[in-house]
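**Student:** Work out the full structure, taking the sequences as your base and the hints as a guide.
As given, the protein sequences belong to chains A and B, one line each in that order. All you need for the working numbering is the position in the first sequence, starting with 1, plus 178. All you need for the working numbering is the position in the second sequence, starting with 1, plus 2.
Calculated directly from the structure, the hints in this document are not laboratory data. Beta carbons are placed, not taken as given, at the ideal position from N, Cα and C, and that holds for glycine. All the pointers check out, no bait thrown in.
Some chain B residues near chain A, calculated using beta-carbon distances under 8 angstroms:
#, residue
1, L43
2, L45
3, L47
4, F92
5, P102
Here are the computed distance ranges between Cβ atoms for each label pair:
#, chain 1, residue 1, chain 2, residue 2, range
6, B, G55, A, Y273, 15 to 25 angstroms
7, B, R24, A, K229, 34 to 44 angstroms
8, A, P289, B, N72, 40 to 50 angstroms
9, A, R238, B, G18, 41 to 51 angstroms
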Amino acid sequence: GQQLNQSPQSMFIQEGEDVSMNCTSSSIFNTWLWYKQDPGEGPVLLIALYKAGELTSNGRLTAQFGITRKDSFLNISASIPSDVGIYFCAGPDNYGQNFVFGPGTRLSVLP
Amino acid sequence: IAGITQAPTSQILAAGRRMTLRCTQDMRHNAMYWYRQDLGLGLRLIHYSNTAGTTGKGEVPDGYSVSRANTDDFPLTLASAVPSQTSVYFCASARSRNQPQHFGDGTRLSIL
Chain A
179 GQQLNQSPQS MFIQEGEDVS MNCTSSSIFN TWLWYKQDPG EGPVLLIALY KAGELTSNGR
239 LTAQFGITRK DSFLNISASI PSDVGIYFCA GPDNYGQNFV FGPGTRLSVL P
Chain B
3 IAGITQAPTS QILAAGRRMT LRCTQDMRHN AMYWYRQDLG LGLRLIHYSN TAGTTGKGEV
63 PDGYSVSRAN TDDFPLTLAS AVPSQTSVYF CASARSRNQP QHFGDGTRLS IL
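**Tutor:** As structure tokens, this is what we get:
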């Protein structure tokens, strides 16, 4: 079945540092979604991308739809403690019915 | 506040018992979904419904059933719970299929 890979699996950074993470797919996507999950809560949509090459920002977060349409990137600038959580990417399944989710990148921010 | 409500928040259940997890949304979304989240495996789709009156199987449907009698409610039933069904269960909804999904806060289920 369709698979998404996220890198890195986890990361520890100092407060104030910038963060980069990526997501790759085994097939071409026409949509990429990025979610964040805080501990004990459900995932919350951060950014949606619909076009190859698209670069979209949401505050300190910036996501890009890769040119190959098989990858996407999420950057967080000047990290703060509340950025802690798990970041998931998602893309449409092979039938265009539902979304498949990556395994997540767990972010820890050290003060 | 508009959104998705899941109940119960958590539950401990004996193996073999029947259990229904409830999910209600007030956003008039057509599509609804049930996922389970397990460590290292991310979110896996159990069942989905593109519109009231229809349901479909996801990646891991065995041991679970759903119904969609109206737009707002999408209950998930475990007919005879087994320990491998210990997980965190998330309900989600979207305006339509292929649209970004909004998630509830989850039900933490432990089967002993």
